[in-house]
Amino acid sequence: GIDPSKSTIFVQSAIKEHAELSLLLGMLTPKSWLELNPSYKDLKFNLFFQYVRDFLLGKSIKVEEDTLRQIVHDSFYHKREVDFEYLEKGLVDLSIDANLVKEIVFNLKEGDIGKDIDTFGFFGYPVLMAADILIYKAEAVPVGEDQLPHIEISRELARRFNHLYKPVFVEPKALLTESPKLLGIDGRKMSKSYGNTIALSETEEELNKKVLSMKTDTQRIKKSIPGRPEVCNVYTYHNYFTDSQTVKDIYQKCTTAEIGCIECKKILAENLNRFLNPIREKRKELEKDRQFLDKVILEGNEKAREVASKTMKEVRESMGVMF
270 GIDPSKSTIF
280 VQSAIKEHAE
290 LSLLLGMLTP
300 KSWLELNPSY
310 KDLKFNLFFQ
320 YVRDFLLGKS
330 IKVEEDTLRQ
340 IVHDSFYHKR
350 EVDFEYLEKG
360 LVDLSIDANL
370 VKEIVFNLKE
380 GDIGKDIDTF
390 GFFGYPVLMA
400 ADILIYKAEA
410 VPVGEDQLPH
420 IEISRELARR
430 FNHLYKPVFV
440 EPKALLTESP
450 KLLGIDGRKM
460 SKSYGNTIAL
470 SETEEELNKK
480 VLSMKTDTQR
490 IKKSIPGRPE
500 VCNVYTYHNY
510 FTDSQTVKDI
520 YQKCTTAEIG
530 CIECKKILAE
540 NLNRFLNPIR
550 EKRKELEKDR
560 QFLDKVILEG
570 NEKAREVASK
580 TMKEVRESMG
590 VMF
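Counting in the numbering used here, the sequence shown runs from 270 upward without gaps.
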């Protein structure tokens, strides 16, 4: 875990300097940087896809989900903006009634789908993330592979500020682990927004249920069909949480249809629970001493505030906005 004597643990929202720096950096951030942010685009894409899928299900029209996802994905990323003509053609090519396709496209264009994330706060969130990093002059930031674009925005903003004013900020580098990317249980990016996460706080029962629901090779609809481990999300997890000999055995048995997906998932669940058990025990132990936890947070807040306020003094002096 994290040792409070070596690392500063604090509540970000308790440090008002984060919001101040985010506001100032927002004045330097081109709109195009945020529009190209993959997290924003990916979430909007998933909202569009879910609408199209649910619309067709409501009309009792069956379409292979992966095929439909690919069509919506291609229309979404075909150009800078959503290519509705591309989407319309793709849906018509699936033999969906042209009038229904026009209704889908009209609703996506003119309706409220995805509008709930078209807010200043959500759109500008990468700037706040950059402020969280830059305010402490972090040299390296441990992130998952999907967060690399956010680190790049932080680097761009550091360069821009240093060029326009004074060299206040450090350009942070990403610190990737040996397993920089694990997908969610449904095969998409792991995100709380998608409800597809496996949390460190999961109970054994919760984890077992989630692992058994994990998406596998879509072409393997029954055990007698040989599997393709290289496209299976469960097998990817095995590579990180299962010993190498068992991983080899699973690969061999999956490709020869000697092991089914349920059995494979049960092995993974057992190994994940073994990995999480020490964390669960430590969590239970710490939860018994609320006073200690509060003390760690309060002391961490003070340490963080001291560093953040020093950085903001430099920022204000550089920009000539002393107040």
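Rather than coming from a laboratory, the hints here were simulated on the basis of the structure. Just so it is clear, CB atoms sit at the ideal spot from N, CA and C, and this is done for glycine as well. It cannot be assumed that every hint is accurate.
Straight-line alpha carbon distances no greater than 25 Å define the calculated SDA-like cross-link-like pairs of lysine to any residue that follow [to be verified]: (1) K484 with V332; (2) K551 with K484; (3) K551 with I490; (4) K450 with M398; (5) K484 with D343.
Pairwise CB distance ranges (calculated) [to be verified]: (6) K435 with K371: 52 to 60 Å; (7) V576 with L433: 16 to 24 Å; (8) Q488 with V576: 48 to 56 Å; (9) E304 with K572: 20 to 28 Å; (10) E408 with D362: 30 to 38 Å; (11) D385 with E333: 22 to 30 Å; (12) I271 with Q488: 37 to 45 Å.
Right, here's what the structure says about each hint:
A threshold of 25 Å between alpha carbons decides the hint, and for K484 with V332 the separation of about 18 Å falls inside it, so the pair holds. Our distance criterion of 25 Å between C-alpha atoms is broken by K551 and K484, whose separation comes to about 31 Å. Distance restraint check for K551 and I490: the Cα-Cα separation of roughly 40 Å exceeds the 25 Å cut-off, and the hinted pair is therefore not satisfied. Only pairs whose Cα atoms come within 25 Å are accepted, and K450 paired with M398 is accepted, the gap being roughly 19 Å.
Of the supplied pair hints, the one linking K484 and D343 holds, its CA atoms being roughly 22 Å apart against a limit of 25 Å. The supplied range of 52 to 60 Å is met by K435 and K371, whose beta-carbon atoms lie about 56 Å from each other. One distance hint, 16 to 24 Å for the beta-carbon pair V576 and L433, holds here, with the actual separation near 23 Å. For the pair Q488 and V576, the beta carbons lie near 53 Å from each other, so the given range of 48 to 56 Å is met.
Taking the beta carbon of each, E304 and K572 are about 36 Å apart, not inside 20 to 28 Å as hinted. A C-beta distance of roughly 50 Å is found between E408 and D362, which places it outside the suggested range of 30 to 38 Å. The hint said 22 to 30 Å for the Cβ distance between D385 and E333, and at roughly 28 Å that hint holds. Between I271 and Q488 the CB atoms are about 42 Å apart, so this pair conforms to the stated range of 37 to 45 Å.
In this structure, the hints that do not hold are numbers 2, 3, 9 and 10, in rising order.
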